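Peer 1: Hey, can you work out the whole structure from these sequences and the hints?
In order, the protein sequences belong to chains A and B. For the first sequence, the numbering used here begins at 206 and goes up steadily by one. For the second sequence, the numbering used here begins at 859 and goes up steadily by one.
Source of the hints: derived by calculation from the structure; they are not laboratory data. Some clues are possibly wrong.
[Unchecked claim] Here are the computed distance ranges between Cβ atoms for each label pair:
#1 A/A740 with B/T1052: 29 to 39 Å
#2 B/Y896 with A/A740: 18 to 28 Å
#3 B/L891 with A/F736: 29 to 39 Å
#4 B/Q893 with A/F736: 28 to 38 Å
[What the hints assert, rightly or not] The calculated DSSO-like cross-link candidates involving lysine-lysine, where the alpha carbons are at most 27 Å apart (straight line), are:
#5 B/K1130 with A/K787
#6 B/K1133 with A/K777
#7 B/K904 with A/K744
#8 A/K787 with B/K1133
[To be verified] Covered stretches of chain A (chain B as the covering partner; in silico rule of three or more C-beta atoms under 8 Å from a C-beta of chain B):
#9 572-578
#10 596-605
#11 622-635
#12 642-651
#13 745-751
#14 770-776
Quantities reported herein were computed from a predicted structural model and do not represent experimental measurements. Every residue, glycine too, gets a C-beta built ideally from N, C-alpha and C.
Each chain, letter by letter, is given below.
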Amino acid sequence: MVNIFEAITVLTLLVYFVPVRWKQPLCLVLSLGLAFITTSWAIESFTSETVNQQLSMPFWFHNSVLVIDKLTAFFLVVINFGTLTSILFSRGYMKMYESTKRSQDFSLHYFFLLWLQIAMTLVVTLQEGLPFLVAWEIMSLSSFMLVIFESEKKEILNTGIYYLIQMHVALFFVLAAFALVEAKTGISGFDGLAIYFKTYPSIPMFLLFFAGFGIKAGFIPLHSWLPHAHPAAPSHISGIMSGTMIKMGIYGILRVVSFLNESLMEIGTIVLIVSLISSVFGVFFAIFQHDLKKMLAYHSIENIGIIGIGIGTGLIGKALGNPVICLLGFSGAILHVLNHSLFKSLLFYCAGSVYNQCHTRDVNELGGLIKKMPTTSMLFLLASVAICGLPPFNGFISEFLIYKGFFSGLDKNIFISLLFLGGIIGLTVTGGLAIFCFTKAFGIVFLGAARTKKTNHAHEVPSSMLLPKFLIAIPIVLIGIGSFTLIPFIEGIATMYLPNGTVAPINLISPILQPLSIALGLFILLLIVLFVWRAFQQKSVVITTGPTWGCGYAGLTPEHQYTSTTFADNLKNLSMSLSGMKTHYHPIEKEDIFPAEKRKYETHQVDELEKILILNPSKLLLTVMLKFTFLRSGKIQHYILYGLGFILVVALLTIVNAL
Amino acid sequence: MIPAALILLTSLLFPGIITKVKAMVSGRKGPGLLQPLYDIYRLLRKGNVYSTTTSIIFQISPVIYFATILFSVSFIPFGDAPGLLSFQGDLFLFVYLLGLGKFFLIINALDAGSGFEGMGANREALYSMLVEPAFVILFGTFAMMAGYDSFYGIFSHWHLNSSTYLVLSLLASYILIQIAMIENSRLPVDDPKTHLELTMVHEVIVLDNSGFDLGLIQLGNAFKFGIFGALVANFILPEHQSLWIRALIFIGVIFVFAVIVGLMESFRARSKMEKNPQFILTLSSIAAIAFLVALIITNKLI
Chain A
206 MVNIFEAITV LTLLVYFVPV RWKQPLCLVL SLGLAFITTS WAIESFTSET VNQQLSMPFW
266 FHNSVLVIDK LTAFFLVVIN FGTLTSILFS RGYMKMYEST KRSQDFSLHY FFLLWLQIAM
326 TLVVTLQEGL PFLVAWEIMS LSSFMLVIFE SEKKEILNTG IYYLIQMHVA LFFVLAAFAL
386 VEAKTGISGF DGLAIYFKTY PSIPMFLLFF AGFGIKAGFI PLHSWLPHAH PAAPSHISGI
446 MSGTMIKMGI YGILRVVSFL NESLMEIGTI VLIVSLISSV FGVFFAIFQH DLKKMLAYHS
506 IENIGIIGIG IGTGLIGKAL GNPVICLLGF SGAILHVLNH SLFKSLLFYC AGSVYNQCHT
566 RDVNELGGLI KKMPTTSMLF LLASVAICGL PPFNGFISEF LIYKGFFSGL DKNIFISLLF
626 LGGIIGLTVT GGLAIFCFTK AFGIVFLGAA RTKKTNHAHE VPSSMLLPKF LIAIPIVLIG
686 IGSFTLIPFI EGIATMYLPN GTVAPINLIS PILQPLSIAL GLFILLLIVL FVWRAFQQKS
746 VVITTGPTWG CGYAGLTPEH QYTSTTFADN LKNLSMSLSG MKTHYHPIEK EDIFPAEKRK
806 YETHQVDELE KILILNPSKL LLTVMLKFTF LRSGKIQHYI LYGLGFILVV ALLTIVNAL
Chain B
859 MIPAALILLT SLLFPGIITK VKAMVSGRKG PGLLQPLYDI YRLLRKGNVY STTTSIIFQI
919 SPVIYFATIL FSVSFIPFGD APGLLSFQGD LFLFVYLLGL GKFFLIINAL DAGSGFEGMG
979 ANREALYSML VEPAFVILFG TFAMMAGYDS FYGIFSHWHL NSSTYLVLSL LASYILIQIA
1039 MIENSRLPVD DPKTHLELTM VHEVIVLDNS GFDLGLIQLG NAFKFGIFGA LVANFILPEH
1099 QSLWIRALIF IGVIFVFAVI VGLMESFRAR SKMEKNPQFI LTLSSIAAIA FLVALIITNK
1159 LI
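Peer 2: Right, here's the structure in full:
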């Protein structure tokens, strides 16, 4: 099997040699091949024991061992499903570039899409330090290439470079962490970590990993690349990046914490607080976006926060020696990884379909699309309800588990009580803000009347773009209603985090979820009964249509509708300067009794955290660096002199050191 | 079955009692107790007028809103008898089901494509977001004290005989009544009597709904009041009494609750729109105080 895996990695080059219309099917076949192999490993490790596969690839991966335990197996399923739907969706989506883009561009795109899948597979399977880092780097580079597909647009290229730099900052943290572990224990990779955590203080090492993996995952304040990269990338790439790739950061964190045995309470508290901030502020900032994909990017931050809340709760449960809280927290986190990968990619594909038809991502230019794109609209609605964590869909299940974890810990001690109360409030506020945001997004984009002419020519996307969406919608519904059948697998993964010495309660969560599933089933039954009643009632009465009630004013136009900006206005006033909203308009003067010219009113949001953490320091760095431009003379003899000087300094330092 | 049936029956009379009390306080005779009920019955038999702007969402939303409320009734226990559906964590399902209802009510409003309804949707979204933490903190407090996270578990371990529980019961009743007022968009957050669309919250959301759909929404609102009344009643219901006595007490509590709402509405003016968030957030802080009090009582703080 592993040989076929390696063969496929070479076969990816074939993408360059087939005509444009065959590139996507070939990519799909190769990706299916990869998915088939890795999923079979995943199933094997789920049903029996950890699978080990030895690679015979050259260079860094030579003789590396692929280790597939339950955690890895779970992530493999997420990766494969995410990539396959992404490639399926790309068939219809990439059609709009066929007239402007060359064949090589498509080759590059599909080649790196495959390599993104390979790299993510390697990231979750490799345990040794260097091969892991190389796979991590391939993942960053291939996603960079995917983001800059429209690189002829200058801002997209800039965004890509911004992303690339941040990914390398992340790489630096992870690299430093692995180097430290290897220096102290002599064993590279995650295996050394187990020994390191036994003998050395855990918190600094964990923080190093948390910073590195946290940038990838997008925890606030390390989130600033997400809102830039997701809108820039083609939609199927945003889908796979937000749904799957940022979960590699979560994988890293989950892997690292599995070795932790000391300072659990402190680390759990740190993770919980950072995650709470991420979830609340992620969704809070999302409300102020009027770029549909940027809004979804901020929602990724929120959901990463919710996953982190689960991890933090689980860690605190472990610190308390309480297997129930531990299992509930980690199961909620792991299930939310899957859930978010589903509804977020569905949302991005729907947003992509809207962009594909209307060529704008600005929600204030859209409206009334439900009449033109009914299927896409209903799927967007389904995913919106799911991402808000509302029943009966999958998002509710993972939040339910985390809530239950919090409530189980409320009576432990004063510190935990207050911390968990904070967690409960944070999670509730996040849920409320998410409802605020998604009713806004769905309402402005799909409901009401069209705000501009851009929607005039929109119609439902072809079935090739609907198919992947339906494929994702099915598990969203199934996990929601049949959660108790799936949860033993998730719980099986979470048992690896159980506190030492405690016996794993066999099947703890499934009996909790069973009555919930019954209740949700009954709720759907009730809905059906009510709909049937309504259908009968509607048959016997007269149905008429008319204009929307305008309080007696007959001159209503679509411009009178609420927009994304006005919808967010009351929250903006409430939160004052926290939202970072900036408005630009030409105010009406006192003598302007009848203002004649049409005035512009523009708003945009500034991410203050990004400004403080990234933009201002880099500006400062640049001003310092610019002072040294005189060194860059362009004369070769000067550069040789610098080299000589450097060697001299090193030599001198060696002498000093020897003394 | 009995508790759910009781809640549904009493909540049908709820709007009638409120209107009657308000009328009597202002010196009018007022309509009969069954008038609001008759209005709903008439609406349920009427035809609909749909705006041409609306879509399928406008037709499914009222049903979903009504279903979430009707289904939430089944979780409410009756003293130490469980509700129709009772399981660990039914509390979260209750809160999130009401959230689902609000979600659909908000997009129902946005579907009409009117500025007024957008305004109502926007306010409803903000207020419901602000009010949710108060409810969750309150029930977090009870869950902590009882050690259970289902309605039944909490209320069956609620003992009125000790003074500490009495204090908490009073706090809880206050918060629940206020939450009920906000959830149902009554004074001081919203005035159901107002005729100016600009100052409405809830009324303006359903401005374009008509006939059967509007009837369902109004029936749902009545049930929502009933649910909160039943929650308050559960704090007061004594244990180990026969069903009839408890049923009588339950009906009495609901009646008093309705009278209190009527009186509060008669002597209270609506707040300025921008003061509403402050008012709603105050409830969360009172709930947080209840939590701290509970911590002190259970000897965890000191």
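Peer 1: Could you tell me which of the numbered hints above are not met by this structure, giving the numbers in increasing order?
Peer 2: Every hint satisfied by this model.
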